[in-house]
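Based on these hints, arrange chain B on the given structure of chain A.
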Amino acid sequence: MITRFFPGRYESLEEIAEFVRSIAQAAGLSPFETYKLETAVDEACSNIIEHAYCGISDGVIEFTILTTPEAITIILKDNGRKFSPDSVLPPDVNAPLKKRKDHGLGIFIIRKWMDDVQFDYIDGHNILTMTKYRDCTPDEPCSSF
Amino acid sequence: METIHTQYKHCDVIKVKGRIDSATAPNFGAALTSLTDQGRYHIVIDMSDVEFISSAGLRVLITTQKTCKRYNRGELVLAQVPANILAALELAGFNVLFKIFDDLLTAVGNF
Chain A
14 MITRFFPGRY ESLEEIAEFV RSIAQAAGLS PFETYKLETA VDEACSNIIE
64 HAYCGISDGV IEFTILTTPE AITIILKDNG RKFSPDSVLP PDVNAPLKKR
114 KDHGLGIFII RKWMDDVQFD YIDGHNILTM TKYRDCTPDE PCSSF
Chain B
1463 METIHTQYKH CDVIKVKGRI DSATAPNFGA ALTSLTDQGR YHIVIDMSDV
1513 EFISSAGLRV LITTQKTCKR YNRGELVLAQ VPANILAALE LAGFNVLFKI
1563 FDDLLTAVGN F
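Protein chains in written order, with my numbering: chain A, 14 to 158; chain B, 1463 to 1573.
Chain A extracted, bound-state conformation (with noise of 0.2 Å):
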């Protein structure tokens, strides 16, 4: 398991992509797995920074990474406003151009491109957790992690 804590900003946010993209190698996610979960990542910071701590910069983002032969989980958790994921509306990705909304994109990128998510809120903590499992097969057994 590994712990780190990023300012909550938005100029961290090519820091953290660095972070996850170490993690990610390291836990043999092919490159296209790579860029989903660092995209998720980036979705979900760039909320929390947003909508958790409203844009004002004295705030955290705790890191906590979790890798096991099947997966690897990433919790986030910040001591911002509640965010209620239920009040953001997922976007119609079919919609003609004049009746594109311009947000909730990120939590839509989120949904699609991680295995499972789950947002909490507990002790005045928004906690999300983020999974991405790993496909394993009889001639490539989840063993590099």
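Accuracy of the hints is not assured; some may be wrong.
Pair ranges (Cβ atoms, derived) [what the hints assert, rightly or not]:
{"#": "1", "chain 1": "A", "residue 1": "R94", "chain 2": "B", "residue 2": "S1496", "range": "41 to 49 Å"}
{"#": "2", "chain 1": "B", "residue 1": "R1502", "chain 2": "A", "residue 2": "K95", "range": "18 to 26 Å"}
{"#": "3", "chain 1": "A", "residue 1": "L102", "chain 2": "B", "residue 2": "A1492", "range": "46 to 54 Å"}
{"#": "4", "chain 1": "B", "residue 1": "F1573", "chain 2": "A", "residue 2": "N92", "range": "45 to 53 Å"}
{"#": "5", "chain 1": "A", "residue 1": "D129", "chain 2": "B", "residue 2": "K1471", "range": "46 to 54 Å"}
{"#": "6", "chain 1": "A", "residue 1": "A39", "chain 2": "B", "residue 2": "Y1470", "range": "41 to 49 Å"}
{"#": "7", "chain 1": "A", "residue 1": "Q38", "chain 2": "B", "residue 2": "D1564", "range": "24 to 32 Å"}
{"#": "8", "chain 1": "A", "residue 1": "L110", "chain 2": "B", "residue 2": "P1544", "range": "43 to 51 Å"}
{"#": "9", "chain 1": "A", "residue 1": "H138", "chain 2": "B", "residue 2": "H1472", "range": "48 to 56 Å"}
{"#": "10", "chain 1": "A", "residue 1": "G68", "chain 2": "B", "residue 2": "F1573", "range": "33 to 41 Å"}
{"#": "11", "chain 1": "B", "residue 1": "D1564", "chain 2": "A", "residue 2": "E75", "range": "37 to 45 Å"}
{"#": "12", "chain 1": "B", "residue 1": "P1544", "chain 2": "A", "residue 2": "D129", "range": "23 to 31 Å"}
{"#": "13", "chain 1": "B", "residue 1": "K1471", "chain 2": "A", "residue 2": "Y146", "range": "36 to 44 Å"}
{"#": "14", "chain 1": "B", "residue 1": "V1558", "chain 2": "A", "residue 2": "I135", "range": "36 to 44 Å"}
Please keep in mind that the hints were generated in silico from the structure rather than gathered at the bench. All C-beta atoms in this analysis are idealised placements derived from N, C-alpha and C, irrespective of residue type, glycine included.
Relative to the frame of chain A, chain B by itself:
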């Protein structure tokens, strides 16, 4: 992120390098708005050196496309889109809202 602007007779090309995330999307948007504010609505974005795009970057694309296509006065097209970025565009359903060209010359020739 860095943007490089090249003006052609019939369109403008914006080459983007690096990450388009919530930190850099405002600059990306500003580069495009500087064109549309001048009445230049035929735009090619050369994505070949884009390493990453988040929903913040996708929002800039959709907002600019709406501006360009209003009154049928123009269009924003994409060129040389890396596979990971293309997957994000497809996930968001953007592949039907933007023409996507494999090479820059064809994209510029579209106008």
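### Task
Tell me, in ascending order, the numbers of any earlier hints that this structure violates.
Numbers 1, 2, 3, 8 and 13, in rising order.
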